[in-house]
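Based on the hints, put chain F in the right spot on chain B.
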Amino acid sequence: MRLPAAPEGVRRRVRAAGSELGPLARFRERIAAGDLLRLRPRFRGRGLLAFLAVMGPGLIAGIAGNEAGGLTTYSVLGAETGFRLLWLFPLTTVVLMIVQEMAARLGVVTGQGLSDLIRDWFGVRWTAFAMLVLFVANLGQTIAEFAGIAAALEIFGLPRLLTVPLTAVALWALVLFASYRTVERVFLSVILVFVTYIVSAFVSGPDWGEVGRALVTPSFELAPATLLLMVALVGTTITPYMQFYLQSAVAEKGIDEEELRLEQADAVGGAIWTNVVALFVVVATAQTLHAAGVRITDAADAAQALGPVAGELSTALFAIGLFGASVLAAMILPISTSFVICEAFGWESGVGKPFREAPAFFGIYTVTLFAGAVIVLLPFLPPLIDVLLFTQNLQGLLLPIVLVFMFRLVNNERLLGRHVNGPIRNALTLAAIVLVVALDAILLGVGALEAIGLRLG
Amino acid sequence: MLYLSQVIGRPVRDGQGESIGKVADLIVALGDRYPPVTGLVVMTDRRRIFLPWSDVASFDASGATLATSIIDIGKFAQRPNELLLFLDLQDKQIVDLDGRKVVRVNDLVLDEIEGKLHLVAVDVGPAGLLRRLGVEGPVRTLARNLGRSVPERFIDWEDVDPLESSIASIRLRVPHRGLRELHPADLAGIIDELAPRDRAGILATLDDEIAADAIEEMEPDTQVEVMEDLAPERAADILEEMSPDDAADLIADLSDTARDRILPLMEREEAEEVQELLGYPEDSAGGIMTTEYIGIPATLKASETIDRLRELEPDAETIYYVYVVDEAGKLVGVLSLRDLIVAPADAVVRDFMLGEPVALGVLADQEEVARVVARYNLLAVPVVDDEGRLVGIVTVDDALDTVLPTAWKRRLPRVFSRGGG
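Residue numbers (my numbering), protein chains in the order written: chain B, 1 to 457; chain F, 458 to 878.
Excised from the complex, chain F in its bound form:
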């Protein structure tokens, strides 16, 4: 095992043992699980030269020895899928997919796999920092005498996602494959921590649905920044994938110019839903409700209702209640998911639904909504218009947002958060 910091600046000797320069950087080829080292950058008296790894006979903490004494400067160049370890990764920010956060590279760990040197891990722990400061040895001795140990932390290269802004040597398109597997809230947290350029890079590689889920989880300020940085077409596509209440809130926060650019590009159906929601005061039931809910006629059988649910694949927040409406759209009853599952398959909804369900008017105050949700222990409360027609539901998370706002506390220091003085 070898640390990058141990080899940078070490002498490079040719086949005869003559010193020709110092190790300036190592080149790895991305693509495999562990990127193999493919080249060596040597700093000679006057310039940086690139050498293919096949020219290197031995390589360790004492330096590099070349297999040949004839150096052909012209025959090696950095290819598009290759990274310079020192220039592009050392000291840069990366996404730790395992810990789901943005961290800084203190050192890089190289190791031989089947006789070839590969990049295997990233050192992000205090030990790496001390090594770079040149005091790892003394501090370790001190710690040992105190009966403690210096904390170490490594991330397997497989769990690392590099970021665009740090890749200075070439315009590498980072695929961000690992990020797509993260929970939207974690992804939102990571995007939140990044510089705008990296945000754009990551969002460009995500599909609309994942991007929408992640954006829903962000702080309102970040949502607006991210949306206004996107191309209007892409922003419209993502808004269509968001739940209408979140989309409406976000659109309400956009600048007038951004709103005028994005809204016309949305599909008509989604745009109408959003427009309708935008018509209600922000702090009313109408303002916080979503128009995504499940409404069925009272004549359906339990089995048919379950089939309908399968067909609709509703979101987690909306699946717990099935609302029963008459021909005019008036709310006449409600079923919980439990009621539905325990009912005999051929039972008719009218016979086991709960009649006269708790409902709120569209203009009900949001605090009233929160009270009702808490009082009746509901996961969602239906919202009806003046004629008693079901127009939407407020899910428990949105209802309680008034009493328990999302991470608002981070907003003050956010102004200063990115390395900010």
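Just chain B, with the same shape it has in the complex:
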């Protein structure tokens, strides 16, 4: 005969509502709450989370940063300017390293997300401003993802009036009922395409000496088209949204301060990886499209850069990659925008909650997603490539605001203690901010002069 050990004392299951419910009643509650799909046990300890746990948030941010906007910007940059702007890559790499390191450090030391910290330390008005900036940036990014979805599926001859609404509705539902498996597959398909670019860059046989020289030889022109590409490059490489994501992911993982160095290495490594991949995309497109004098006017043109590897399959491969990257980002962007904003204002959030408990959360999510989709369908819209580039310029223009908030936070001694920025780090960070602001100012200045009919250079 076997008897269970008697627990010491009466367990406290008192006071709160539901405590008197039997197990069956509790299950009825769960059914009412909508927990109906059967997934949990099979996914425990496996799938995306385990995968992500190994990779580190910095690297994920790096990979996920290369979405529709990135792919387009790098392709157009390579096709239009060849190797001429390659010198920007060492700079964007360093700036991204600095920015991601700040985000990682803030996440590790405070254990809080960026919007939390902004609310904690800057009060309601600055938070409202920062959240407005983030909302606009993320809405722009969501538009870019839907433009990517439309462009990718138009390669297969599917009209966007059909594909965009369908994808939007599917994504809306998917995020609320998604399985990890789906996200994981999409994620892997994206990596596959970028690897193809690396191979393509090698197969196309560029003069690597020339690439090396281009990396260290600055050339500058005040032509608005070039400036737009430069700002788009900065904006797509260092998206405001990614910094929010990275810091939250780091905070969420609960990394100890002792492991700060590891996490910093991860953030810096992620920054390098993004830029190396981007560099290969530019080299591959420069070698194939720029050399042949092709201007990218739609996604099918951009696909030719994969020609050296994939041949006739390159269009399909590009379309799949672009679609995957766009869908992945479109899954994550609206929902995380909603989480970030609700967190800052202390509004109820969580996809498992009923709508009436978290109206702001579901409202922001739905508005961001569908506004992004609707804008892509507007009848007077410029070509999708231009829309994509514009949204990336928007990221570049809004980036300094986010960087200034981060800069103030990493200099807050009460917050970071001994991990506060020293003079050297501050000089580097300031230089990075000044660089981005200067580039933005030149673009806006030249744009303004152009608007009143003056032309420089």
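The hints are simulated quantities; they were obtained by calculation from the structure and are not laboratory data.
Because the structure is a prediction, the values reported are computed rather than measured.
Possibly wrong hints are sitting among the right ones.
[Unchecked claim] Calculated cross-link-like contacts (lysine to any residue; reagent style SDA-like; alpha-carbon spacing at most 25 Å): (1) F:K479 - F:G594; (2) F:K549 - B:E348; (3) B:K253 - F:E690; (4) F:K549 - B:E357; (5) B:K253 - F:E676; (6) F:K479 - B:W126; (7) F:K549 - B:R408; (8) F:K549 - B:A360; (9) F:K549 - B:D301; (10) F:K558 - B:F122; (11) F:K549 - B:W121; (12) B:K353 - F:D618; (13) F:K549 - B:G212; (14) F:K558 - B:I401; (15) F:K479 - B:R125; (16) F:K479 - B:R408.
Below, chain F without anything else, positioned relative to chain B:
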């Protein structure tokens, strides 16, 4: 009644009416139901100075007037049980014990009680947010014209639990007394929403049993994070308090290093039970069963059985059935709690038990378990080994978990949930 946002930045005048600076912060002393204001922080041209509340002659939305014109900077310092309202509470996250969730402070409400200013409530509603944005008046007017009102929400200070991570001014040990009274599922929900530092702060103040109950209610991912952040000794103590099936599931999810550190520190009896459960496949009856059940010999009387139950104080999930086993441990019958209560006190169990009860083998598939539970309308189903010996039971919640998993949907966005981009 006064809002903190109305007084911050207001002028501070000395006894002669000379302006000496602006109100930067207020200091309150914790401990009482409503913390009294004990000091004023003034921002002068060059620095922040602390003044005791006894120096303040009047204080309202127009500013502060001091009783004296001589300011002794050195005589006041912040004590360990004191909080700075603006720095430590305004805009920070707190636990709303009444609504049982984590919310953000939009404003703080001060009021006079017996002639002294106290912190009485926290404003967490939209009205407070609008006030901070400086548009409360216009929006209220607009709302009134539309025949609506601006929603307000206040939490009595008594129902507020501040969090460690926000207390920037001093290392205050927050006692988290109120949290201990919450239902474990609510407590788990709150801990789930918090940053790791706050989780640790709260778990440190809970006793092992309450911590175990709360951890049982958490998502598997959070369970692992929380456990791996704890000191191994404490983690082992908490695991001992958990029901063996939940403990086994959690241990199976831990990293190898954490498992190797924690398992040896558990009491032998509990560790053995867990080890035994870990030996079964995760999706079998053995993998989801608990080894906590009530087994009695068939010769006991009804009254003796009830006495035995009182003595054992079984958990809610395990009390509904009493299993009858022979000397070899073989399952021979079952009694429901109802059978037991309606039976005459001196009836012998053998005479009113239900013989040949429904039972499952340890390797039965979990879907089979769910089917049996649903089909026979059981609250728990016994699990027997090859020789028919009772080795555990699967309670209805664990059985149905296969068909109705716990809040799995929250897991995808969790990666991005804490302010995550």
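So, going through the hints one by one against the coordinates:
Taking the CA atoms of F:K479 and F:G594, the gap is about 24 Å. The hint holds against a cut of 25 Å. Restraint check for F:K549 and B:E348: satisfied, since their Cα atoms lie roughly 15 Å apart, inside the 25 Å limit. Note on B:K253 and F:E690: the hinted pairing holds, with a Cα-Cα distance of about 22 Å set against a maximum of 25 Å. Restraint check for F:K549 and B:E357: the C-alpha separation of about 21 Å stays at or below 25 Å, so the hint holds.
Under the criterion of a C-alpha separation no larger than 25 Å, the hint pairing B:K253 with F:E676 is consistent with the structure, at around 14 Å. Proximity of F:K479 to B:W126 is assessed by CA-CA distance (about 21 Å); at most 25 Å being required, the pair is judged to hold. Distance hint between F:K549 and B:R408 is fulfilled; the C-alpha atoms sit about 18 Å from each other, no more than 25 Å. With a C-alpha separation of about 20 Å, the suggested pairing of F:K549 with B:A360 holds against the 25 Å cut-off.
Note on F:K549 and B:D301: the hinted pairing is violated, with a Cα-Cα distance of about 51 Å set against a maximum of 25 Å. A threshold of 25 Å between alpha carbons decides the hint, and for F:K558 with B:F122 the separation of about 23 Å falls inside it, so the pair holds. With a CA separation close to 9 Å, the supplied pair F:K549 and B:W121 stays within the 25 Å bound. As the CA atoms of B:K353 and F:D618 are separated by approximately 23 Å, the hinted pair is consistent with the 25 Å bound.
Between the alpha carbons of F:K549 and B:G212 the distance comes to roughly 50 Å, so the proposed pair goes past 25 Å and is violated. Restraint check for F:K558 and B:I401: not satisfied, since their Cα atoms lie roughly 32 Å apart, outside the 25 Å limit. Among the hinted pairs, F:K479 with B:R125 is consistent with the structure: their alpha-carbon atoms are about 20 Å apart, no more than 25 Å. Between F:K479 and B:R408 the CA atoms are separated by roughly 23 Å; this keeps the pair inside 25 Å, and the hint holds.
Hints 9, 13, 14 from the earlier list are contradicted by this structure; the remaining hints agree with it.
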